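So the sequences go chain by chain: A and B. For reference, each letter of the first sequence is one residue, going 8 to 312 in this note's numbering. For reference, each letter of the second sequence is one residue, going 6 to 250 in this note's numbering.
It cannot be assumed that every hint is accurate.
Claimed, not checked - Straight-line distance between alpha carbons at most 20 Å, and here's what the computed SDA-like set of lysine to any residue pairs gives: (1) B:Lys91 / A:His79; (2) A:Lys80 / A:Glu12; (3) B:Lys88 / A:Gly140; (4) B:Lys91 / A:Tyr111; (5) A:Lys180 / A:Asp73; (6) B:Lys54 / B:Gly219; (7) B:Lys91 / A:Asp73; (8) A:Lys60 / B:Trp249; (9) B:Lys88 / A:Arg142; (10) B:Lys91 / A:Glu197; (11) A:Lys61 / A:Ala14; (12) A:Lys61 / B:Phe93; (13) A:Lys131 / B:Lys16.
Said to hold, decoys possible - For the chain B half of the interface with chain A, some residues (derived, Cβ under 7 Å), not all of them: (14) Leu13; (15) Lys88; (16) Pro97.
It should be emphasised that the hints constitute simulated quantities derived from the structure, not laboratory data. These numbers come from a predicted model, not from an experiment. Backbone N, C-alpha and C define an ideal beta-carbon position, used for all residues, glycine too.
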Amino acid sequence: MDVIEVAGLSKYYGSLRAVENVSFHVTEGSILGILGPNGAGKTTTLECMIGLKKRTAGTIKVLGIDPETNRHKLFNDVGVQLQETVYQGGAKVFELCQLFSAMYAKPLDYQILLERFDLASKRKSAVASLSGGQRQKLAIILALIGDPRLIVLDELTTGLDPGARREIWTYIKELRREGRTIVMTTHYMEEASVLCDTICVFDKGQIAAYGTVDEVIAQAGIDLVITFESKNELLPLLTKLPSISHVQQDGRVVRIQTRTEQTLTDLILLLREAEISYEKMRITHPELEEAFLKLVDDREKGAVS
Amino acid sequence: MFRTLTILELKLQLRNFFTVFFALAFPVLMLAVFGTMYGNEPSAVTGDKGAVDLMLPAYACMIVAVTSIMSLPLTVATYREQKILKRFMATPIQPLQILLSQVLVNCITTLGGIALLLIAARLLYNVQFLGSILPSLTAFLLVMASMFSLGLVIAGVTPNAKAASSLAYIIYFPMLFLSGATIPLYIMPKAMVTMANFLPLTHGVKLLSGVWLGGRLFDYGLELAVLGAVMLVCLGAALRFFRWE
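Just need the whole structure built from these sequences, with the hints factored in.
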């Protein structure tokens with residue numbers, strides 16, 4: 008079942024086209040990651056999705072509700088963490104938890120949430136005195152307190168150290184296990200690869216790629232790279248291989264670029280038939296980061312030409 | 006949830022040194038200093054009233070100015086700048102409730118400051134209340150309503166805390182010194198009095214002082230009209246121009 012349906016969403020600020028004709032949907036219990044360079048329209052899309060911004064065109068349904076006309080009803084079932092939000096600095100952790108508990112009909116017990124997110128010892132600390140990681144954990148707790156079906160996280164881990172970031176990942180996975188749907192933006196490709204079921208790559212207000220991590224990587228059309236070492240001169244032999252895009256040999260090191268994994272089988276059979284010995288055979292698949300950079304870069308070139 | 010929000014915001018306000026000092030402590034200090042200097046005996050300058058009698062309504066107006074022009078806009082602008090208002094908009098709470106709770110919290114602080122001031126005046130100088138309750142309350146409410154409306158306009162249009170405090174200072178300090186809230190108008194040169202008459206708080210001080218010292222509400226038609234007009238215009242402007250982010 009789709010929890011979010013966005014169709015033909017556009018948002019203009021005057022002549023600036025922040026988001027143009029964007030469509031995607033999110034199935035219940037999955038994590039959608041929205042990636043893209045700064046200014047690509049990620050936050051604008053999120054904020055239109057939860058009714059904090061009025062859209063210029065398109066339709067949005069979140070949990071069956073149009074966020075623009077029925078925002079306050081929606082927020083009974085949607086918890087959010089907004090980019091750069093600071094909570095009232097003088098407030099103590101438990102005071103904010105009490106405040107947010109009072110906003111919802113059936114809040115989760117914040118004491119249990121503080122335990123679960125390892126913040127119980129900070130119960131009486133002022134929000135301003137928390138570390139970056141603790142503050143983001145508090146942001147998750149406050150998003151979670153209303154027991155929402157959908158959680159929206161806008162750059163939750165930006166600025167955190169690697170340890171704190173990984174800690175947050177385990178919490179996000181837990182939220183998905185509980186059956187909650189999550190939409191998140193991030194600048195970290197590793198984070199998106201680890202957490203997201205579906206990825207939407209934004210660029211200049213449009214969707215540059217959309218699908219599972221593997222599908223998005225495939226959409227970037229980056230070659231697989233096969234390398235191995237051999238003392239023989241192999242170039243004449245290897246150019247016979249089908250569906251390879253490039254082959255080179257520097258001394259002992261041979262490097263083959265190809266579109267398909269089948270090339271590996273073909274290669275090994277060919278070497279065996281020719282009775283050529285080889286070592287350090289290795290195949291490298293493109294990572295999301297490479298795909299992301301290529302997708303954004305390709306569109307850049309497309310725009311110029 | 007409105008109650009929880011208001012209680013939390015009240016606690017936060019009381020943790021704010023600036024507000025506590027200027028709304029609660031400073032007026033009492035002023036009273037003690039100037040009360041000691043002038044005493045509360047009727048004199049040639051002050052007429053048949055004592056100096057402390059004249060100070061009280063003026064200081065009450067000063068407290069209203071601190072909470073309405075300084076504290077309220079500063080808090081709201083800070084919340085806007087730090088995206089706290091926006092965060093609240095992404096909850097089931099109505100945005101208007103956030104604003105109302107801020108106004109309410111500052112009204113409570115105002116009343117607290119005035120209560121402290123009156124208690125101090127009673128204990129230190131045995132000040133008697135010379136007016137009647139209902140007109141004084143009416144005058145006070147009108148002063149509050151007009152000043153808080155003005156505060157809401159500042160709160161509504163300033164993009165960040167810095168702009169809010171600049172604007173608040175520009176409006177607050179002339180009112181503090183020229184309105185008669187701290188320095189009595191009768192010792193000022195004529196040109197300054199003319200200038201002072203353009204400040205809404207001047208009319209607030211005149212009205213509240215007059216009624217506080219036994220005058221009748223309707224002897225102050227001009228003051229009532231000015232404060233009423235300020236309230237209506239500012240409320241309209243606040244409703245029209247208030248920005249949530």
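If any of the earlier hints don't hold here, list their numbers in rising order.
Hint check: 5, 10 fail, others pass.
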